[in-house]
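Can you make the complete structure from the sequences, with help from the hints?
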Amino acid sequence: MTKTILAVDDSGSLRQMLSFSLKAAGYGVIEAVDGQDGLNKAKQQTVDLVLTDQNMPGMDGLSLIRALRAMKNYQSVPILMLTTESGDDIKAMGRAAGANGWLVKPFDPARLTEVVKKLIG
Amino acid sequence: MSPHESHSGELMNAQVIRLLSGVSVHGDQHLAEVERDLVQMDVLLSEAIKKLCASFMAIHHAIDLQQETLKGMLSAEKAAPEQAARLEALREEIGQHVGAAVTGLQFQDMTSQLIGRMVQHLAGLRDVFGALGTNGSTDLPESGSEEMLAMLSHISDRVGARCTELAGTVRSTVNQRHMESGDIELF
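So the sequences go chain by chain: A and B.
When you read off a place in the first sequence, starting at 1, and then add 43, the result is the number in my numbering.
When you read off a place in the second sequence, starting at 1, and then add 312, the result is the number in my numbering.
In short, the hints are calculated from the structure, not lab data.
Predicted model only: the values in this text are computed from it and were never measured.
We treat Cβ as the ideally placed atom computed from N, Cα and C, and that holds for glycine.
Heads up, a few of these hints could be off.
Just so you have them, the derived chain B footprint on chain A, three or more residues with Cβ under 8 Å [said to hold, decoys possible]: (1) 59-69; (2) 74-85; (3) 146-154.
Okay, here's the thing in structure tokens:
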């Protein structure tokens, strides 16, 4: 069965590149334009992995992670941050919020799919 | 203070206020131009990337089809092993270029984030010039350096408040130094 990934980013080109890379690796992709949209889509369907940006209008990535971790069906779903932020403080905040990993933009498709495969097969 | 001293103090204040108002108007005009150009730059950059992404997807799709066709032709004609190996090597090479293109196309996102940040800071600066203009035209101190100091102090407070406000809302900066793909850390 195809594993589904929720890709949350306010940049259309980034979502397109994520979707392209993950679909080429055999995953299904649901796109969301910001944290709130991501949360709404995560409620509609439990996905296998969430990949989210941090800086987005409205609900940011950290808030989305906290909201997802508060939901019963998202307590063990892997969540990865994909962001331009690389400071230790924000990484620590991500970890505390419940992120499973931190990827700094720009991503390399081969390395991204390698990490995703490691987490969800 | 003699009436003469008081009068020259008033003249000096009026002159300072006129200068502040002038700085405010001209500064605001310059910043508005820069802001307009930055917004337009962001629009052009976004459009360029949108077109590049669309072309990239179309080229990738066409190459995939071409590879499949070649593979089919080679197997039908019982091609020499070296031809099949060459085709496989090309497929791998194309895959590497596709990966590099996907990484490269993401730099627009970071540039756009920086432009958004600059626009927010410019809006903050324009507000400062607005404060200078407002104080210069409506809250004119009639006389004395104390009133002038109070007015400048009021402007300084507004600038400070605006900076604090901006610090809470402005997007993070982008500190990308090396131009390869970013680090990955699993917790």
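Status of the hints after comparison with the structure:
{"no.": "1", "hint": "59-69", "result": "holds (count 4)"}
{"no.": "2", "hint": "74-85", "result": "violated (count 0)"}
{"no.": "3", "hint": "146-154", "result": "holds (count 9)"}
The structure fails to meet hint 2 from the earlier list, while all remaining hints are met.
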